[in-house]
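J.: Quick note, the sequences are listed as chains Y and A, same order.
Take the position in the first sequence, starting the count at 1, then add 7; the result is the number in the working numbering.
Take the position in the second sequence, starting the count at 1, then add 14; the result is the number in the working numbering.
Among the hints, a few may not be true.
Looking from chain Y toward chain A, a few residues come up when the C-beta cut is under 8 angstroms (computed) [said to hold, decoys possible]: (1) Ser98; (2) Pro99; (3) Ile101; (4) Ser107; (5) Cys108; (6) Lys114; (7) Asp135; (8) Leu152; (9) Arg192; (10) Ile224; (11) Ile245; (12) Asp247; (13) Phe322; (14) Gly324; (15) Asp327; (16) Ile330.
Treat the hints as calculated values from the structure; they're not laboratory data.
Each residue gets a CB set at the ideal place from its N, CA and C atoms; glycine is no exception.
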Amino acid sequence: MRRKNRIAALLSCLVMTVSSYGGVIVTDEDCDATIPPGAYLVVDFGNNHFDVYLWDLYKPFQTTFFEIHPTSAGVIIDNIFIDVTGPPAGSPVIVRVLPSCDNPDLKIDTVHNILETANGEHLLNRVDVDGDVGLIIVEAIGDVLLGGDVTNHIIATTPDNDQRGITKVRALGSIFGDLRAPLGRIAFIRADGNIGTPEQPILIEAKHYIRNITQAINLYADINARVNGGTGTISKIIVDNFVGTLNARTMSTTPSGGELRFNEQLAATITFGESYTGANRTIQVPVGGLTSQIIFNADNVGGVWGNGAEVWIGFNGDPDQIILTGPGYTNTAESLGGGSVGLAPFDLHDESCAPANGETVLLEDADPDLEVKLRHYGPITLNANAPVTIERRTACTTDSFVLLSSTDFDYSVDPADGNSLLVSGAPGTDGFETGYEYRLIATPDLMCD
Amino acid sequence: MLKGWIALICALVLTAAGAVPAQQAPDLRSYLDGLDWVVIGDPGNPAFEGGAQGQLKGRGGIDYRFRLTRTEITVRQWFQFVQAFAPYYEGSYGQSYGLTGDFIYIAGPLNDPDSYHMVEGAEDLPTNLSWRMAARYCNWLHNNKERTEEAFAKGAYETSTFTVNKDGTYNDQRTRSPGARYWIPSLDEWIKGVYYDRTLNHGRGGWWWHPGSSDEPLEAGFPWEHGQTNGSLFAGPPPPIEAIEVGAYPWIRSPWGLLDASGGMREWTEEFGNINHSQRITKGSSFFSDDFSYQYEDRILTLMPSFAWGTAMEGLRLGSAVPGVQYQPVLWDDN
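Chain A on its own, in the form it takes in the complex:
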């Protein structure tokens, strides 16, 4: 039995009646991708009732099951992609920040995988990256990590759409392609994974306003000081690295078991953030957030657009189909 991993048993139990969700795929290789997934269930859940002014009203109601990674993608996980993609990278050193983020550095030719190195000690921090690189990552995973140019170019997102028009509008694909096995979460998926609780309202389901199954903002502080989030801990001098690694606050989790929705990095969604589609919405605070803003950033209503390419500032929580749609997997966490 692998310590710290979810052990999986597939039982031959047919799913309940209902339409097969469009995103599901039967490829069981998705169980073996090395990522820690949480299934977001309760298809057909009630949507968010919206803020006082109707913000996000009707969002978050999803009629299919899907998965989200329990934490943000780490530097270590991202590094595999960076090395694989390096030979196909066509940007300049100045533009490479969107690929490397803060915690991977380049020590040689851009197209040489061996040029890339993780900052020592940062391997288990959440990585940051551009949205377009996140899209390529999803393609690569979808294509089973093949190291071909095409494996990075299509599957979940057609990178041929990553173009700009003369009027300043962008053609980037809005949402994942049909049949995509991995994707950047939609805004609806993200908020359902973080804020929706099927046990609320006597089992009818309801919505929290803050991560960690709470309507009150989380308080920043080191884990060993009973803090609830590392949001804003890096607003000043660097904190101890143990405070900003993924999963540093295991007692703060969404109703589904997601960690680090507060703090870590802000997280990309598929939602466009502006009218010309150069921006995507991010959610959640970051350990770089200001002390006066991280709680605001954690709220369900707060949407933070960020430019989708170029230098990276944001992190990624992956979305995925639930493998084996015709089977009811029985999962347990041996922790």
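So here's chain Y without its partners, still in its complex pose:
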């Protein structure tokens, strides 16, 4: 016996073939109640809780619609199962969760799960509820409009497609679940509350692009706009605080401009694989608000930073504003908030070294523990070989530099700052001695991380 018939037999007293059952009605488009018998099933668990099973491709080679409407207040749908088997294209199934047919003000309160449980072209066109939405796993997801929170993940399972995925999630509350379109794209994410939590940041990922993430107070998320080998970009993130990571090929602009604006603080690592260049692009944080790392050309493909693409530390009109217009800026990391902006491969950040590049260190006694910090514009990594060669000559002379043995020194990445190489004397050696001018030159073994 087919699965559907078994369920029908078990729940035969609950099967309704026409329109309303309890507080839920399932219709064709425009509230048309003439869906064929057996095309769907509504299970009433009492206390305003329902499950909805969508079963039949009742319009093959056309569009099969299932509109789910409330007929009373306070409806909670625990599960919507899209169990319609069909071809991958050509016979789309469009599902909508909409207000009442008789009263547009009357909406479903909460939907806990919307799951596709069969193969076919399943398009969740619109979800419009007063309260929360939970887990959604459907091929393509259109507009999700809710007065409450997103309490679970929203995942678009579309095959590779740069025009489908998750179109809009607009929550009056917060978003607590992942937003994923691993082979698609994500267009608009908005929440009046928070996105993610410090304890449970969410994943936001797409293959082709992520357009806008806006409005949220705090964004705790790991965002990847180019998963699964994609070339996705990011257009806008406008939130107060961002903690986490962002990975994209670059910032897209046309025609809406590109903007990453963090009104209070940026404590997230931002990585662009390629260039950050051209007008209509800004990354903005308040004065002292850059506490993390921004990296351009992380894929090491010859990308550039410049030509109008800027990083603002502070907004226009702030007397303490710093505008970074390209690599090699001379502002210290401390002045920016402790973070850095680097174009890979990273140059030495002269002004943030300790001592600063070219600076003389005054020592009253020989200090074998002198540690030199070579800070870079981006994170570095070491291998077993010496990352720098060290030469010296007698101070205040024009003598030739003499190469020192690399084993006379120890090298490490500063555990407190991944951009800095620490060089100090090895145990049992004199290390850095007074009376000499030292020259440290990077070797190929000093690498970007």
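Starting from the known structure of chain Y, arrange chain A on it as the hints suggest.
T.: Using the frame of chain Y, we list chain A on its own:
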């Protein structure tokens, strides 16, 4: 003669008998607001007969003449308001998206007009904005673009009503104030402007189901490829900007001559969209719409609620009184 603009001659012809529509105002300055208007006439038209389940039955019957802008408000037009309103803006950067939309960005202090800039190349795209900002825009126009706090606060909509109660209901004014010269179209006005055709049914009037004087859905495509709408063209990678500027499809027009009812941005109406009045109904598809939804969104029956404040997603087609009610303006388009 100004190329591309409607030349206006006022003749001293009395209007036909009938009550003076409540929304009309004699202020001829409305002719000089720089906006391209279309008069929606046929007062007393038959209302929409409704969908198969009676949806929208009885709506769209209007007993007065009014105007709608031929296209959505552009970024360039909206930008004037943004700069004028900036000194009075009280929100945060995070909330400013409802003011700027997608195509204006902020490069400085929120209250400095010079902080705002249009995205280069986007000037003639339809702008998007929050409903409450649209209401302030109407106030500003009503008050002849004065740059005072009061000019943004009243005239068409009392912004003092933009408050929320402890029970989660909102007090936003439902519809424009009496005497308003500019307003956000009512749902009835919008559907009449887009779908009603007085020539149907042997001149008795009737209703189309889709924009562009059609009962069939429009097909998305670039203008140079004989497309009919840019609805969904921005669902993927950005399209050429020429395809999403206002008026990109001049051969697709409502019976009154309105453009871009399909595509562009979804458009605000005054109709509340939910029981606590935090939402307003929007109409029409957007170039951001999905490929599987733009035709649905274009239909007369489709109502799409959207939250009325905060971040912007929707566009605006302005409504207005017909100036000079006692005069019959003779209008022609010299295109």
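J.: All hints are to be evaluated individually against the structure, with a verdict given for each.
T.: Going down the list of hints, with the structure as the test:
Here the hint on Y:Ser98 is broken, as its CB sits about 12 angstroms from the closest CB of chain A, past 8 angstroms. Restraint check, Y:Pro99 versus chain A: the minimum CB separation of about 6 angstroms is within 8 angstroms; hint holds. Hint on Y:Ile101 holds. Least Cβ distance to chain A is approximately 7 angstroms, under the 8 angstroms limit. Checking Y:Ser107 against chain A: minimum C-beta separation of about 10 angstroms lies over 8 angstroms; hint violated.
For Y:Cys108, the interface hint holds, the least distance from its beta-carbon to any beta-carbon of chain A being 6 angstroms, beneath 8 angstroms. Given the 8 angstroms rule on beta carbons, the hint for Y:Lys114 holds: about 7 angstroms separates it from the nearest Cβ of chain A. Given the 8 angstroms rule on beta carbons, the hint for Y:Asp135 holds: about 6 angstroms separates it from the nearest Cβ of chain A. Interface hint at Y:Leu152: satisfied, since its Cβ lies 7 angstroms from the closest Cβ of chain A, which is below the 8 angstroms cut-off.
The beta carbon of Y:Arg192 comes within 7 angstroms of a beta carbon in chain A, closer than 8 angstroms, and the hint placing it at the interface holds. Restraint check, Y:Ile224 versus chain A: the minimum CB separation of about 7 angstroms is within 8 angstroms; hint holds. The interface hint given for Y:Ile245 holds, since its Cβ lies 6 angstroms from the closest Cβ of chain A, which is under the 8 angstroms cut-off. Checking Y:Asp247 against chain A: minimum C-beta separation of about 5 angstroms stays under 8 angstroms; hint holds.
With its C-beta approaching chain A no nearer than about 6 angstroms, Y:Phe322 sits inside the 8 angstroms limit, and its interface hint holds. Look at Y:Gly324: its Cβ gets to within about 4 angstroms of chain A, closer than 8 angstroms, so that hint holds up. Interface hint at Y:Asp327: violated, since its Cβ lies 13 angstroms from the closest Cβ of chain A, which is beyond the 8 angstroms cut-off. Interface restraint check for Y:Ile330: the shortest CB-CB distance to chain A comes to about 10 angstroms, outside 8 angstroms, so the restraint is violated.
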